[in-house]
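> These are the residues of each chain, in order.
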Amino acid sequence: MEELNHTTVWFVIFAMAIGSFLIRFSFLGIIGDRQMPEWVLRHLRYTPVAVLPGLVAPLVFWPAATGGSPDPARMGAALVTLAVGYFSKNVLAAILSGAATLYGLLFLLG
Amino acid sequence: MTASNPKRHFLRGTRDALPFLLVIIPFAALFGVVATEAGLNVAEVMGFSVLVIAGAAQFTAVQLMTENAPTVIVILTSLAVNMRMAMYSASLTPYLGSAPIWQRGLVAYLMVDQAYALSQIKFEMERELTVPERFAYYVGTVAPLAPFWYGASYIGAVAGAQVPPEFALDFALPITFLAMIAPALRSMAHVASALTSVVLALLMAWMPYGSGLLVAAIGAMVVGAQVELYMERRAA
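Here the protein sequences come in this chain order: E and W. Take the first sequence: its position 4, counting from 1, is numbered 4 in the working numbering, and each next residue is one higher. Take the second sequence: its position 17, counting from 1, is numbered 17 in the working numbering, and each next residue is one higher.
What the hints contain is simulated information worked out from the structure, not anything from laboratory work. Every value quoted in this text rests on a predicted model; they were computed, and no experiment measured them. Beta carbons: idealized from backbone N, C-alpha and C, even for Gly. Heads up, a few of these hints could be off.
[What the hints assert, rightly or not] Stretch-level coverage of chain W by chain E, calculated; a stretch enters the list once three of its residues show a Cβ under 8 Å from a Cβ in chain E:
| id | segment |
| --- | --- |
| 1 | 19 to 28 |
| 2 | 39 to 48 |
| 3 | 78 to 89 |
| 4 | 99 to 106 |
| 5 | 194 to 201 |
[Stated by the list, open to error] In silico lysine-lysine, DSSO-like type, Cα no more than 27 Å apart, as pairs:
| id | chain 1 | residue 1 | chain 2 | residue 2 |
| --- | --- | --- | --- | --- |
| 6 | E | Lys89 | W | Lys122 |
| 7 | W | Lys122 | W | Lys7 |
| 8 | W | Lys7 | E | Lys89 |
[Said to hold, decoys possible] Pair ranges (Cβ atoms, derived):
| id | chain 1 | residue 1 | chain 2 | residue 2 | range |
| --- | --- | --- | --- | --- | --- |
| 9 | W | Arg186 | E | Trp10 | 18 to 28 Å |
| 10 | E | Gly67 | W | Gly151 | 48 to 58 Å |
| 11 | W | Ser211 | E | Leu79 | 49 to 59 Å |
| 12 | W | Lys7 | E | Asp33 | 21 to 31 Å |
| 13 | E | Phe107 | W | Gly160 | 22 to 32 Å |
| 14 | E | Phe87 | W | Ala69 | 19 to 29 Å |
| 15 | E | Asn5 | W | Arg233 | 53 to 63 Å |
| 16 | E | Leu22 | W | Val215 | 14 to 24 Å |
| 17 | E | Leu79 | W | Ala56 | 16 to 26 Å |
| 18 | E | Met36 | W | Gly105 | 17 to 27 Å |
| 19 | W | Trp102 | E | Gly67 | 39 to 49 Å |
| 20 | E | Ser69 | W | Phe167 | 28 to 38 Å |
Kindly produce the complete structure, drawing on both the sequences and the hints.
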C-alpha cells in the first residue's frame, strides 16, 4: 500500500469535521423555534424508522464479511434481535440475544 | 407540583444509553485498528474520532483513502454517509429548536445515531418534557458514549492488533440499530415506513456514494406519513 500523505489526511479530517457539523446543525440552527407546518412534522416523525432499517438492510442481506453473499448466521441474528426488541421493548435484551444468536450460529454452522 | 428536574433526565438518558457501550467500544476500537493499518498515526485517528465523531463516515473515509480515491471524492462520499444527520437535525428541531444557540451547537456536535434515536423516541412519547429537560436527556445519552468512543479509538490505534474475523465485529452495528428500531415499531405506520426503507435501500443499493439510502429514507417517511393519515381517516 502507498504511504498516506499526512497533510492530505488532516485536510480530510478538518473538511469532514466542518462538513459533518454543518449537516448536523442545519435545521436546528436555521429553523430554531420557528413552527414547522404539520405535514412536515408528520414526515419527520418517521425519520428513525425510515433511516436506520435502510442503513442496516444491505449489511444484513449482503454482509461484506462473507463477500456479499447472504449468511444464515447474520440473518438469524438480525431476526432474533428484531423479535426480542419488538416484544420486550428492551434494547439491551435485544442486543444480547442478537449477539448470542450470531455467535451460536457461527459456531454451529462453522 | 413537580419542579423541572433536568438532572434526573440527564441520568435517565445515561441509563438508557448504557447498553450501547457494548457496541460503541468494539466499533471504536475497530476504527482505531483499521485506520492504523491503513497508515494513519495516533493523532490522526484521534482527530477523526474527536472532530468528526461519526463512525460510519470515518470508516468510509479511511477505506477510500486506502483505495487512493481523489481527496474530493473521499470528503464528499463520507459526508454523503452523514447526510442522514440532516434529517435527524430536522426531526429534533420541533423539540429543541428553542434552546440557546450554544446548546443547539452542542446537540449538533454530539449527534450520533444512538443519542438521536433514544431522544427522538423519548420526546415523542413524553410530550410534556420541557426544553431544558429534553436537552439534559439528550446530553445524558451521549455522556457515556462519547468518552468511550474516544478512548476505545485510542486503544485500537495504539494496540493496532488484528481483531480476528471470528469476532464478526462487522455485525455489531446492524445488531444495535435493529435493537433500537424494534421497540419503535409501535404502529402500522411505523412498520410500513420501516419495511419501505428496507425494500428501497436494497433496490437502490446500486446508487453511488450512499445516495440510495437518502432516496429510501425519503420514500419511507412519505409512506409512514400517508399510512398515519389513512389510519386517522379510518378511525374518524
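> All the hints need checking, so say for each whether the structure fits it.
Hints, one by one, checked against the model:
Proximity of the segment 19 to 28 of chain W to chain E, defined as three or more residues with a beta carbon under 8 Å from a beta carbon of that chain, is established by the 4 residues found. Restraint check on the segment 39 to 48 of chain W versus chain E: 6 residues with Cβ-Cβ distances below 8 Å, three needed, restraint holds. Interface restraint, the segment 78 to 89 of chain W with chain E: holds (10 residues with C-beta to C-beta distance below 8 Å; minimum three). Counting residues of the segment 99 to 106 of chain W whose C-beta lies closer than 8 Å to any C-beta of chain E gives 3; at least three are required, and the coverage claim holds.
Residues of the segment 194 to 201 of chain W with a Cβ under 8 Å from some Cβ of chain E number 7, which satisfies the need for three, so the listed coverage holds. Under the criterion of a C-alpha separation no larger than 27 Å, the hint pairing lysine 89/E with lysine 122/W is consistent with the structure, at around 13 Å. Our distance criterion of 27 Å between C-alpha atoms is met by lysine 122/W and lysine 7/W, whose separation comes to about 16 Å. Distance check on the hinted pair: lysine 7/W and lysine 89/E sit about 25 Å apart at the alpha-carbon level, within 27 Å; holds.
Range check, arginine 186/W to tryptophan 10/E: Cβ separation about 45 Å, and the 18 to 28 Å hint is violated. A hinted range of 48 to 58 Å for the beta carbons of glycine 67/E and glycine 151/W is inconsistent with their spacing of about 33 Å. Range check, serine 211/W to leucine 79/E: Cβ separation about 28 Å, and the 49 to 59 Å hint is violated. Range check, lysine 7/W to aspartate 33/E: Cβ separation about 24 Å, and the 21 to 31 Å hint holds.
Taken as a hint, the range 22 to 32 Å holds for the pair phenylalanine 107/E and glycine 160/W, whose Cβ atoms sit roughly 27 Å apart. A C-beta distance of roughly 44 Å is found between phenylalanine 87/E and alanine 69/W, which places it outside the suggested range of 19 to 29 Å. For the pair asparagine 5/E and arginine 233/W, the supplied restraint of 53 to 63 Å holds, since their beta-carbon distance comes to about 59 Å. The supplied range of 14 to 24 Å is met by leucine 22/E and valine 215/W, whose beta-carbon atoms lie about 22 Å from each other.
For leucine 79/E and alanine 56/W, the hinted distance range of 16 to 26 Å is satisfied, since their beta carbons lie about 23 Å from each other. At roughly 20 Å, the beta-carbon separation of methionine 36/E and glycine 105/W lies within the given 17 to 27 Å, and the hint holds. For tryptophan 102/W paired with glycine 67/E, a C-beta distance near 47 Å keeps the hint of 39 to 49 Å intact. Between serine 69/E and phenylalanine 167/W the CB atoms are about 20 Å apart, so this pair departs from the stated range of 28 to 38 Å.
The structure fails hints 9, 10, 11, 14, 20 (numbered hints given earlier, in ascending order).
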